[in-house]
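Listed here are the chains, written in short residue letters.
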Amino acid sequence: MNAISSTYALVLKDFRSELRTRYAVNALIMFVVTAVAVIMFALREDHPGNDVLAGMFWVVVFFTGMSGLSRSFVSEEERGTSMTLQLVASSTVVYFGKLLFNVILTLAMVLAVTILYMLVFSGFVIETFSIFIVTVILGSLGLASAATIIAAIIAKANTRGTLYPVLSFPILIVLLMTVMSATSKALDGLELSAAYSDFVVLGSYCMVMTAGSWIFFDYVWKD
Amino acid sequence: MKNLRLTVTEVSKHFNRRRIFQDISFSLNCGESLSITGRNGSGKSTLVKIVAGVLSPTRGSVQFYRGENALVEDDVKHELGLVSPYLQLYDEFSATENMTILSSIRASQDSEPSYREHIFNQFNLWDRRNDLVRTFSSGMKQRLKYIFALYHKPSILILDEPTSNLDEEGINAVREVAEEFKKSSILIVATNDQSEASWCSRRIHLG
Amino acid sequence: MAFIRYASILLVTFSLIAGIAIPLAQAPQSWLQFPSIPGLEEKARNIFFHVPTAWTTVVAFLVSMFYGLKYLRTKNIDDDLISVSSAGLGFLFCILATVTGALWAKFNWGSYWNWDPRQTSIFILLLIYGAYFALRSAVESDEKRGTLSAVYSIIAGLTVPFFVFVMPRMMSGLHPGAKGDLEGSGPVVEFKMSPNMLVVFFIALIGFNLLYIWMLNVRVRTGRLEYKQLHTEE
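Listed in order, the protein sequences are those of chains A, B and C.
In terms of this note's numbering, the first sequence has 180 at position 180, counting the first letter as 1, and numbering is strictly consecutive.
In terms of this note's numbering, the second sequence has 90 at position 90, counting the first letter as 1, and numbering is strictly consecutive.
In terms of this note's numbering, the third sequence has 145 at position 145, counting the first letter as 1, and numbering is strictly consecutive.
Chain A on its own, in the form it takes in the complex (with noise of 0.2 Å):
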């Protein structure tokens, strides 16, 4: 179908923009380095436990993210490339085309994250696989889902630094304090099945935020 291959061209697009730029890939895999590191040292020698752990984890997620999954929207606007991109494709393929790229660049942050943690603290140690890896993938849907969407706003206004996290934050609080409760419950070692009511929240936040940004994308989008 001719939108499939229209989003998929326009994917394409980006992550070829990005290989020849590297503006967004540096940016994080710096970001993430440098926030390991200072909470590195701010712990020193004490072994968290597992709750702020996990919440530690998040919380870089999340900060990594606002730096990087604006990019999408923001630098078309500045380059002036908005307008070419209009008359290309519509806005469903726009919408999601932008989406999935930040899903992608999501699951490869939350990756790096957990390599690092892994790597620096010896008290991230994944119980339960099964938890962290449903958590990771629906966690990071709904963190894309939610960011695109603010994204595409944020790009058509002025101060678009410190509006993106401010803007973001109230949206993605839910999502952070479920994936930081399951993410816990993974390092703790409980069952599957406990961590259910944060699989249906998160799903559930994917779903109705993924709708209703499509929904209103085309008015934000097009001026």
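Treat the hints as calculated values from the structure; they're not laboratory data.
Treat the numbers as computed from the prediction; the structure is a model and nothing was measured.
Computed footprint of chain A on chain B, listed as stretches where at least three residues anywhere in the stretch have a Cβ under 8 Å from a Cβ of chain A:
| no. | region |
| --- | --- |
| 1 | 51 to 58 |
| 2 | 74 to 87 |
| 3 | 100 to 106 |
Chain C regions said to be covered by chain A (calculated; three or more residues, Cβ under 8 Å):
| no. | region |
| --- | --- |
| 4 | 131 to 140 |
| 5 | 145 to 157 |
Yeah, the Cβ is synthetic: ideal placement off N, Cα and C, and Gly gets one too.
With chain A fixed as given, assemble chains B and C onto it according to the hints.
Using the frame of chain A, we list chains B and C on its own:
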């Protein structure tokens, strides 16, 4: 003759309580051409953007028809080509890459390679087709915008400031294209220049 | 509107006085006595102010969302005006609700803030309002400002059911209605009030709502006049 029609009905645009223009209406069939003139700031580019579908009017509507059927937004993408000072291409990609990437997003029917080579030559960018747009001069970027506008063989060509940044050779190429379009398709030209305005059979004056 | 203005002043004043002045007694004899609930006693009076303000802030948010949605369809700047006016009032009532809630928390449970789900929810609402106004101040075009803030308030509104309905069930907390509450968890709290308390409570509730309506009306009328004044200067 492609059976295309463009109908603009009572289009008005306000920006922050300032009226830019009001109740613009016109209709164009294939073989017809329209020039939009007016001094700087009269809203020519704004009207162009509204007709091209990249800006919404405060009131009124823009509708494209093939025969009796109104075209949806998705169909219009394939039929419309726009050249505008506000248009930018991706400067981290080469000229050809820009074209292939943007056409795969647009997902139009692929035009023949010979046609594509022809328009690259027409605008004298064939030799530079694999260079990054970042290295292009403003004149070359303008010519690339024409290639982008014509790549998918549109039936409607909208030109805003058609010859800005162009040398005589470029201007001739544009004139050729304009001649072709006003005969068999729809041409809209927004300009301050009287000679360019005279390319078109009809005229709207703003401001 | 004059009726609403007088009615709201009357009702709110009545509930303020009645709420504060009517004495408590162990076993109320007359209508002019509230039952003294062990553990709460005088602190129960807060319910006349905290709950109505919290209720009103939600109403204001819903009204703001509704007119935001309407603006998206009609592009009529008047709808955007109502939306932002309601949001401003919602912000005000939200601050009142947070403060009265925090005061109650201090007197009942020892500290002003404990991240109980209800408290967290009102905090999130406060953040949403703040973000909404931050967004508005960052957009120059009137039309775009209305569109972007309408979409933001709708997206934010979509998360509200999550933290109102879902979070309290998931997390235990101190506020009535959280998981582990013997009365049962959920958004609507079964607060046992005697009939005369209920009367004062409902008068307060209606009074605050009418106050909101009146204030909204004044803000919108003022906004319209400002708009007209700026408009005719062109």
